[in-house]
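K.L.:
Residues per chain, in single letters:
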Amino acid sequence: MPFLRISVLIFCLATCLRGYSQGNQKIKGQVLDAGNSGALIGANVYWEGKTSTGVVTDLEGGFEIQAEPLPAKLVISYIGYEKSIRLISQKDAEKPLRFFLKPEELRLEEIIIQERRPDEQIKNLDMGKASVPIETIKNIPALFGEVDLLRSLQLLPGVQTAGEGTTGLFVRGGSADQNLVQLDGAPVYNASHFFGIFSVFNPDALKKVDLYKGNMPANFGGRASSLIDITLLEGNKEQLHGNGGIGSISSRLTLDGPLFGKNSSFIISGRRTYADLFLKLSSDENLKNNKLNFHDLSGKFSFILGEKDKLSVSTYQGSDFLGLDKEFGLGWTNWVSSVNWNHVNSENSFFDLQAYHSRYSYKIDINDPENGFEWSNLLTESGIKAIWTRNLNTKTSANWGLHSQYYYFAPIDLDPDPDSGIQAIKTNPKNGLLNNLFASLSYEISPKLSTEAGLRWGLYNQLGEGVEYTYPNDIPNRNLETDSIAFGKLEPMEFYQGLEPRVAFRYLVNEKLSFKAAYNRNFQYVQIASNSSAGLPIDRWVLADRYTQPIRGDQFSLGVFKNFDRNRWEFSLEGYYKDLQNVIDLRNGAQVLFTDQVETEILSGEGWAYGVEALLRKNTGKTTGWLAYTWSRTWRQIAGVSLGESYNPRYDRPHDLTFVLNHEFSPAWSAGLTFIYTSGLAVSFPVGTYEVDNQKVPLYSNYRNQDRFPDYHRMDASVTWRNADKGRKWRGSWNFSIYNLYGRKNPFAYEFRDIYNNDFRFEPSDGKITSSRPGVVMTYLFTILPSITYNFQF
Amino acid sequence: MKRVWLLIVSVIFFSCQEEVFLPLGEKDQLVPTIEGIWTDNGIYNSVKITLSKDYYDSLDSKVITDAEVVITIPGTEKVIPFRYFGATKSYRPVNPAERAVVGETYQLFVKWKDFVFRSEGVMLEPPTVDSVTWKFQEKRLFRDEGYYIKVYGKVPFKQDNNYRIRVIENDTLKNQRDDYLLFDDTFGLKFFEQGLELGYAFKENDRVRLELYRMNRDAFDYLNQLVNLLFSDGGLFSPPPQNPESNIKVVQGKSEVLGYFMVSPVLARTVVIQAKYD
Chain A
1 MPFLRISVLI
11 FCLATCLRGY
21 SQGNQKIKGQ
31 VLDAGNSGAL
41 IGANVYWEGK
51 TSTGVVTDLE
61 GGFEIQAEPL
71 PAKLVISYIG
81 YEKSIRLISQ
91 KDAEKPLRFF
101 LKPEELRLEE
111 IIIQERRPDE
121 QIKNLDMGKA
131 SVPIETIKNI
141 PALFGEVDLL
151 RSLQLLPGVQ
161 TAGEGTTGLF
171 VRGGSADQNL
181 VQLDGAPVYN
191 ASHFFGIFSV
201 FNPDALKKVD
211 LYKGNMPANF
221 GGRASSLIDI
231 TLLEGNKEQL
241 HGNGGIGSIS
251 SRLTLDGPLF
261 GKNSSFIISG
271 RRTYADLFLK
281 LSSDENLKNN
291 KLNFHDLSGK
301 FSFILGEKDK
311 LSVSTYQGSD
321 FLGLDKEFGL
331 GWTNWVSSVN
341 WNHVNSENSF
351 FDLQAYHSRY
361 SYKIDINDPE
371 NGFEWSNLLT
381 ESGIKAIWTR
391 NLNTKTSANW
401 GLHSQYYYFA
411 PIDLDPDPDS
421 GIQAIKTNPK
431 NGLLNNLFAS
441 LSYEISPKLS
451 TEAGLRWGLY
461 NQLGEGVEYT
471 YPNDIPNRNL
481 ETDSIAFGKL
491 EPMEFYQGLE
501 PRVAFRYLVN
511 EKLSFKAAYN
521 RNFQYVQIAS
531 NSSAGLPIDR
541 WVLADRYTQP
551 IRGDQFSLGV
561 FKNFDRNRWE
571 FSLEGYYKDL
581 QNVIDLRNGA
591 QVLFTDQVET
601 EILSGEGWAY
611 GVEALLRKNT
621 GKTTGWLAYT
631 WSRTWRQIAG
641 VSLGESYNPR
651 YDRPHDLTFV
661 LNHEFSPAWS
671 AGLTFIYTSG
681 LAVSFPVGTY
691 EVDNQKVPLY
701 SNYRNQDRFP
711 DYHRMDASVT
721 WRNADKGRKW
731 RGSWNFSIYN
741 LYGRKNPFAY
751 EFRDIYNNDF
761 RFEPSDGKIT
771 SSRPGVVMTY
781 LFTILPSITY
791 NFQF
Chain B
1 MKRVWLLIVS
11 VIFFSCQEEV
21 FLPLGEKDQL
31 VPTIEGIWTD
41 NGIYNSVKIT
51 LSKDYYDSLD
61 SKVITDAEVV
71 ITIPGTEKVI
81 PFRYFGATKS
91 YRPVNPAERA
101 VVGETYQLFV
111 KWKDFVFRSE
121 GVMLEPPTVD
131 SVTWKFQEKR
141 LFRDEGYYIK
151 VYGKVPFKQD
161 NNYRIRVIEN
171 DTLKNQRDDY
181 LLFDDTFGLK
191 FFEQGLELGY
201 AFKENDRVRL
211 ELYRMNRDAF
221 DYLNQLVNLL
231 FSDGGLFSPP
241 PQNPESNIKV
251 VQGKSEVLGY
261 FMVSPVLART
271 VVIQAKYD
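From first to last, the protein sequence lines are chains A and B. Per the numbering used here, residue 1 is the first one in the first sequence, and the count goes up by one each step. Per the numbering used here, residue 1 is the first one in the second sequence, and the count goes up by one each step.
Wrong hints could be hidden among the right ones.
Unchecked claim - Heads up, simulated DSSO-like pairs for lysine-lysine below, C-alpha to C-alpha not over 27 Å straight-line:
no., chain 1, residue 1, chain 2, residue 2
1, B, K139, A, K696
2, A, K207, A, K102
3, B, K113, B, K249
4, B, K190, A, K696
5, B, K27, B, K48
6, A, K426, B, K190
7, B, K174, A, K768
8, A, K326, B, K135
9, B, K190, B, K158
10, B, K254, A, K696
11, A, K288, B, K190
12, B, K174, A, K696
13, B, K139, A, K291
14, A, K363, B, K139
15, A, K50, A, K91
16, B, K158, A, K696
17, B, K203, B, K174
18, A, K326, A, K363
19, B, K111, A, K280
20, A, K326, B, K158
21, B, K139, A, K326
As the list claims (entries may be wrong) - Derived list of chain B stretches under chain A, where covered just means 3 residues or more per stretch with a C-beta under 8 Å from a C-beta of chain A:
no., stretch
22, 19-31
23, 123-135
24, 253-267
The set of hints was computed from the structure by calculation and includes no laboratory data. If you're wondering where the values come from, they're calculated on a predicted model, not measured in any experiment. Ideal Cβ positions, reconstructed from N, Cα and C, are used throughout, including at glycine.
All chains should be modelled from the sequences, with the hints used to inform the complete structure.
P.N.:
Shown next as structure tokens:
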């Protein structure tokens, strides 16, 4: 009994002491704005479920509240800010706490509403224009978890891909080099890393992307099919912020904040892969010593120069490198920079001046004592563009200006090592100056009918220094004797000019329904001399010259646009017809990489494409996404290909269905799902075999691409978990995604070859051949590819 | 370069392969394939004529045995008749002593059924091969450990520098798509004077026969296109597959024709790899 009494006494003492301790314990803290760290005065602080015993913050955002039995949840709320709930433990209670509240207007769905008016698609004059919010792109399940801008654009109607895992875009029947990809106004010549698997744009550094598939404003030009206009984010002017992510194959970090006081800001963003590290884990010595990586770095510096002037400087640099056992190295680099000055002349008059420089280079290094060499090439485009904009009245606005572009394609330079048996190769440089004058007028004819008419006039000069070859009958032929004419620096070599009219109409039936029509002409003075579908880093760009005429693209489009359910749902149906003149292909066995007479390898002809695109889209609410269907056909007709008959290029895929779905289950959990179904690629399969030179050779039809890969379909899914906002500066989230959820074996390539010993892996060098028969071996990529990414912001 | 792309693709794409069956089209009529070789050495001179077949047909190609084959020298009355030899399944000159002479132009005529096919080539002067050596090499990038042969020679020509080296190892022609050794003067020909290393690893006591051909451009282009086609996997990095452009024309009848006609000198050397002479 004495033991029982002592135990009860100890229990009572302990309970009383604990009660005395907590009864006097105070929790101290401060509530701050997450954006600028300013004190939030009058914020409510209370224990969950006990609002009546709460306190409010003082002039410095500070508070002191009587402790509850811990652990317990402390709630911080403030009008206009997101509520923060944090679990407070005894350990937390021993130190001052800081809570950072995020303004409610920074929430994702609100941003989308602000960026785009709900009835935008009904009332504007845009046709074939698609804007995808960067936050939407970030929510789309991604290959290797790498959020990819260009791959996301492939999910839009009218945009095709030429194969699994590539970022090349084929817009409304145009080839990949007919897209102008520009970053803050500066063109990017090779917009991909890893041979086209990833695009070069780090999504954390981007503000927005606009894709123009059809009617391009007159102040843009230079490509026949599309404009992908990407804008870098500007840094905030209040406080240093950061965000980033650690992914399966790369990590990234973005920092932004004020630069010199509150009138200037910066944002710097970097990304680097670590595929090399995985290669080092390989037991194969050949793989172990290889290098494979890319990085990119971008920055933007913005300055408010006064009430009427703003200056921003943007730059991007990105490189890839592939190294094989110190004997082979291939690297390529993009470096684009631009300066933009925006000036407000008056309330209705504006002036924008832009200067840019884009530089793309590659280098191949073969380290071999007898045949080693270094092979490099460089191309640059420099430009200046001035735009005057004037709002004449509420119904009329106009803009006009000029755009000068100077192209310099450096000589192909193959420089042998000192003891190498290989001879040096140096081709002649190519230069071009393109001056464009443009003007456009937007006019509201009546409340229902509006129009926008524009004209762009391009004046192109091929300039020296350079060499022009002459051929019998003016037909390039590498097997015939040629003569050549040398031109001095800036000496005119060839001249082309062309008017590019653009016109669009919109008829507003009512607030929810409109019809639109547009016509657009573009000239393109540069293109890639290649007949493979994938863009390669060593692709040969060619300028318009005596033998290669500029591409002319004409597009007609018609559309109906309808919104439903208070603009929550958008529907559009667009049809188009596109005509292309002077598109190029290569002759059989063409060698374009080292020749100075690339015109002898080129074939020229025409193309056309037509299609209908339907898009049903939901932009707001917890569930967002779109369903898109495109029916289209693409044709080319080039003398020397397919016996001169029309044929479908590889990316002609008549049916294309995409479904993109994002759903936010709670502030912590969200999920994404995409489904793609497209017709198979247009390809050529053998129609027989024959024997020549002791080889069994597949026999092909004389008509190109009359066969098809099987239809392509794939589903990707992702789940994102965000750490509940506990008012801390650091906020993390985990993204788990699966590419090709149901493991569809979509063919990447078919190889038609002999199968030995009934085993397609058996090579003749592996041993004795007991049997041989013709077979088909399919290569496929990426079946059920999971990835995980940790993202953070602070 | 294509091989480098293939390596890259296989490294970074997590690619998998499997054998599949694809329904394939067929030609309306089988296509004659002519392979004519006319050199300054009688053992090489032959014309093979076969028919194409359906892709999945694993039987041997049908040999055409009833064609009329002649080689002529334009501007002269010279006609070199050929006849079919069952042992070699090819047509050979009736007079085995007939062979190509440097500087002459030769025309091949093949008449089969109602069709007549014609091709033409010029016999070019051969380059000089000074010596053939070999040396043991450790394993290198894309090259296994073994003995590597170097051919030293001189090419005094300003044009028509289109060469092929065929390698016969222990009586077996190296005949995989990787084995083709074709070169021209795109990168100069200094490497031939400094010693052209053949990309094959040999073992000691291997008996290696080398044959150097100097071809007309159209035959060289044909073989280059053939190799490109053999490497084509129909993927993103390959150009659309096309039949190599034949230098044989159909001059009578409505038919396609495959194959090529090569007129070339042949320089042949045989060496036996021996370590003591390394």
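K.L.:
Determine for every hint whether it applies to the structure shown.
P.N.:
Evaluation of the provided hints:
| no. | hint | verdict |
| --- | --- | --- |
| 1 | B:K139 / A:K696 | 31 Å, violated |
| 2 | A:K207 / A:K102 | 20 Å, holds |
| 3 | B:K113 / B:K249 | 16 Å, holds |
| 4 | B:K190 / A:K696 | 34 Å, violated |
| 5 | B:K27 / B:K48 | 21 Å, holds |
| 6 | A:K426 / B:K190 | 17 Å, holds |
| 7 | B:K174 / A:K768 | 15 Å, holds |
| 8 | A:K326 / B:K135 | 23 Å, holds |
| 9 | B:K190 / B:K158 | 13 Å, holds |
| 10 | B:K254 / A:K696 | 25 Å, holds |
| 11 | A:K288 / B:K190 | 35 Å, violated |
| 12 | B:K174 / A:K696 | 14 Å, holds |
| 13 | B:K139 / A:K291 | 19 Å, holds |
| 14 | A:K363 / B:K139 | 25 Å, holds |
| 15 | A:K50 / A:K91 | 22 Å, holds |
| 16 | B:K158 / A:K696 | 35 Å, violated |
| 17 | B:K203 / B:K174 | 14 Å, holds |
| 18 | A:K326 / A:K363 | 14 Å, holds |
| 19 | B:K111 / A:K280 | 62 Å, violated |
| 20 | A:K326 / B:K158 | 36 Å, violated |
| 21 | B:K139 / A:K326 | 13 Å, holds |
| 22 | 19-31 | holds (count 10) |
| 23 | 123-135 | violated (count 0) |
| 24 | 253-267 | holds (count 4) |
When each numbered hint is compared with the structure, violations occur for hints 1, 4, 11, 16, 19, 20 and 23.
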